[in-house]
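Enquirer: What follows is the residue order along each chain.
Number of protein chains: 2
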Amino acid sequence: MSKRIAGPEIERLIQLLAKVPGLGPRSARRAALHLIKKKEQLLAPLAAAMGEAVDKVRVCSTCGNVDTSDPCMICTDPLRDPTTIIVVEDVSDLWALERAGAMNARFHVLGGTLSPLDGVGPDQLTIRQLVTRIAEGGVSEVILAVNATVEGQTTAHYLTDQLSGFDVKITRLAHGVPVGGELDYLDEGTLSAALKSRTVF
Amino acid sequence: MSKRIAGPEIERLIQLLAKVPGLGPRSARRAALHLIKKKEQLLAPLAAAMGEAVDKVRVCSTCGNVDTSDPCMICTDPLRDPTTIIVVEDVSDLWALERAGAMNARFHVLGGTLSPLDGVGPDQLTIRQLVTRIAEGGVSEVILAVNATVEGQTTAHYLTDQLSGFDVKITRLAHGVPVGGELDYLDEGTLSAALKSRTVF
Chain A
1 MSKRIAGPEI ERLIQLLAKV PGLGPRSARR AALHLIKKKE QLLAPLAAAM
51 GEAVDKVRVC STCGNVDTSD PCMICTDPLR DPTTIIVVED VSDLWALERA
101 GAMNARFHVL GGTLSPLDGV GPDQLTIRQL VTRIAEGGVS EVILAVNATV
151 EGQTTAHYLT DQLSGFDVKI TRLAHGVPVG GELDYLDEGT LSAALKSRTV
201 F
Chain B
1 MSKRIAGPEI ERLIQLLAKV PGLGPRSARR AALHLIKKKE QLLAPLAAAM
51 GEAVDKVRVC STCGNVDTSD PCMICTDPLR DPTTIIVVED VSDLWALERA
101 GAMNARFHVL GGTLSPLDGV GPDQLTIRQL VTRIAEGGVS EVILAVNATV
151 EGQTTAHYLT DQLSGFDVKI TRLAHGVPVG GELDYLDEGT LSAALKSRTV
201 F
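If you read the protein sequences in the order shown, they are chains A and B.
Each step along the first sequence adds one to the number in UniProt numbering, with nothing skipped, and position 132 is 132.
Each step along the second sequence adds one to the number in UniProt numbering, with nothing skipped, and position 138 is 138.
Please keep in mind that the hints were generated in silico from the structure rather than gathered at the bench.
It should be emphasised that the depicted structure is a prediction, and the values quoted were computed from it without experimental measurement.
It is possible that some hints are incorrect.
Quick partial rundown of chain A residues pointing at chain B, CB under 10 Å, derived from the structure [to be verified]:
no.: 1; residue: Glu-9
no.: 2; residue: Glu-40
no.: 3; residue: Glu-52
no.: 4; residue: Asp-81
no.: 5; residue: Thr-84
no.: 6; residue: Met-103
no.: 7; residue: Ile-143
no.: 8; residue: Leu-195
Straight-line distance between alpha carbons at most 20 Å, and here's what the computed DMTMM-like set of lysine to aspartate or glutamate pairs gives [stated by the list, open to error]:
no.: 9; chain 1: B; residue 1: Lys-39; chain 2: A; residue 2: Glu-52
no.: 10; chain 1: A; residue 1: Lys-38; chain 2: B; residue 2: Asp-55
no.: 11; chain 1: B; residue 1: Lys-37; chain 2: A; residue 2: Glu-52
no.: 12; chain 1: A; residue 1: Lys-56; chain 2: B; residue 2: Asp-90
no.: 13; chain 1: B; residue 1: Lys-37; chain 2: A; residue 2: Glu-9
no.: 14; chain 1: A; residue 1: Lys-37; chain 2: B; residue 2: Asp-93
no.: 15; chain 1: B; residue 1: Lys-38; chain 2: A; residue 2: Asp-55
no.: 16; chain 1: B; residue 1: Lys-37; chain 2: A; residue 2: Asp-184
no.: 17; chain 1: A; residue 1: Lys-38; chain 2: B; residue 2: Glu-89
no.: 18; chain 1: B; residue 1: Lys-169; chain 2: B; residue 2: Asp-123
no.: 19; chain 1: B; residue 1: Lys-38; chain 2: A; residue 2: Asp-184
no.: 20; chain 1: B; residue 1: Lys-56; chain 2: A; residue 2: Asp-77
no.: 21; chain 1: A; residue 1: Lys-39; chain 2: B; residue 2: Glu-98
no.: 22; chain 1: A; residue 1: Lys-38; chain 2: B; residue 2: Asp-90
no.: 23; chain 1: A; residue 1: Lys-37; chain 2: B; residue 2: Asp-161
no.: 24; chain 1: B; residue 1: Lys-38; chain 2: A; residue 2: Glu-52
From the three backbone atoms N, C-alpha and C, an ideal C-beta is built for every residue, glycine too.
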């Protein structure tokens, strides 16, 4: 705000809310006002939930996921297939795959992709931990669910190289037409991949 | 999420974030993950700021504004003109007018507009408090800065009626072409009003 029209506590709340992804300076003001108006129903519970998250959230030392327990709920779930590990770049990818609910496997969160120009080498990612998990045995398949970007594919090749000495099957996600997608709007690379990997109807 | 993939604390945080205006279920997940990753830099300060707001925010008993003091900073500001009161529907309107910074006056927040169908009568708004402020004297102008909607204008007429016994000038915001606006995109009502209220160039 150009000049002070409310106590510093409210202005600080607006400033911090503006840093939340999805909110900007304008919507942060609107959000702050809504929260203040719904003080008991929303602001107080949200403050408590955030405080609890600050205290309890930790990174899983096995797979790199974030959870309120270490090892995380996925690593300790006895109903999950421990022979398959899905490797993802980020926790958001893990959440997205879990929402799809297609596989009941374990995960490994790399924490990013190899990017020498940004100073991200193998030691900045959880690659050593992944190799250790595989070396401990019991894993028969590693699914490289990295993004279909140059960095993602570079990281996938590096991982394949690192894991070549172990008796594990290394697979990656299929390329193709998104479900519900229209061919007219798809890029040539995707269309070529979809044609190459065509399946019997 | 379709199935539990993280501790209940994280899922509760996502659920509450989804109720913040500007965030939906999808962006709430993204926001929660960002907050968790920036635990020390963002999540902890935001939790503290919200907790402080819960403790300190109150409604100004004079004007209906929200602030961390009662009377609020605007009502106690000695540099503001106490003879002019700008009447607004909501605190967000007060903030918008303050951002414009066009007038250094006091405010009065109605808390809504008259709407008999929704059960909002004069007693649900701060109309009595406004009449009391005017009756106490020292005010020479009341600017009705209500929205240019049917409800806003109905409320403006009711307020004019209530204040007719006092020696105050009652004014309202000018109608016209928004600054930077293109005539082609404006409605007929605005264009008529702008023509009627034309000024010498």
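Enquirer: Compare the structure with each hint and give your call.
Expert: Hints, one by one, checked against the model:
1. Interface restraint check: Glu-9/A against chain B, minimum CB-CB distance 5 Å, threshold 10 Å, status holds.
2. Below 10 Å, beta-carbon pairs count as interface contacts, and Glu-40/A has one with chain B at about 8 Å; its hint therefore holds.
3. A cut of 10 Å between beta carbons decides the hint on Glu-52/A: the least distance to chain B is about 5 Å, and the hint holds.
4. The interface hint given for Asp-81/A is violated, since its Cβ lies 15 Å from the closest Cβ of chain B, which is over the 10 Å cut-off.
5. The closest approach between the C-beta of Thr-84/A and any C-beta of chain B is roughly 16 Å, which is over the 10 Å cut-off, so the hint fails.
6. The closest approach between the C-beta of Met-103/A and any C-beta of chain B is roughly 12 Å, which is over the 10 Å cut-off, so the hint fails.
7. Contact between Ile-143/A and chain B, as hinted, is not supported at the beta carbon level, the nearest pair being about 17 Å apart and thus beyond 10 Å.
8. Proximity of Leu-195/A to chain B is violated relative to the hint, the smallest CB-CB distance being about 32 Å (cut-off 10 Å).
9. Restraint check for Lys-39/B and Glu-52/A: satisfied, since their Cα atoms lie roughly 11 Å apart, inside the 20 Å limit.
10. Only pairs whose Cα atoms come within 20 Å are accepted, and Lys-38/A paired with Asp-55/B is accepted, the gap being roughly 13 Å.
11. As the CA atoms of Lys-37/B and Glu-52/A are separated by approximately 15 Å, the hinted pair is consistent with the 20 Å bound.
12. Distance restraint check for Lys-56/A and Asp-90/B: the Cα-Cα separation of roughly 38 Å exceeds the 20 Å cut-off, and the hinted pair is therefore not satisfied.
13. Distance hint between Lys-37/B and Glu-9/A is unfulfilled; the C-alpha atoms sit about 24 Å from each other, more than 20 Å.
14. A C-alpha spacing of about 14 Å is found between Lys-37/A and Asp-93/B, which places the hinted pair at or below 20 Å, so the restraint holds.
15. Our distance criterion of 20 Å between C-alpha atoms is met by Lys-38/B and Asp-55/A, whose separation comes to about 13 Å.
16. A distance of roughly 38 Å separates the Cα atoms of Lys-37/B and Asp-184/A; the hinted pair therefore is violated under the 20 Å criterion.
17. Using a Cα cut-off of 20 Å, the hinted pair Lys-38/A and Glu-89/B holds, with the two alpha carbons roughly 17 Å apart.
18. A distance of roughly 24 Å separates the Cα atoms of Lys-169/B and Asp-123/B; the hinted pair therefore is violated under the 20 Å criterion.
19. Taking the CA atoms of Lys-38/B and Asp-184/A, the gap is near 40 Å; set against the 20 Å cutoff, the hint is violated.
20. For the given pair, Lys-56/B sits about 43 Å from Asp-77/A by alpha-carbon distance, which is inconsistent with the 20 Å threshold.
21. The suggested pairing of Lys-39/A with Glu-98/B is violated, with an alpha-carbon distance near 23 Å, which exceeds 20 Å.
22. In summary, the hint linking Lys-38/A to Asp-90/B is supported, as the alpha carbons are separated by about 14 Å, within the 20 Å threshold.
23. Among the hinted pairs, Lys-37/A with Asp-161/B is inconsistent with the structure: their alpha-carbon atoms are about 30 Å apart, more than 20 Å.
24. With a CA separation close to 15 Å, the supplied pair Lys-38/B and Glu-52/A stays within the 20 Å bound.
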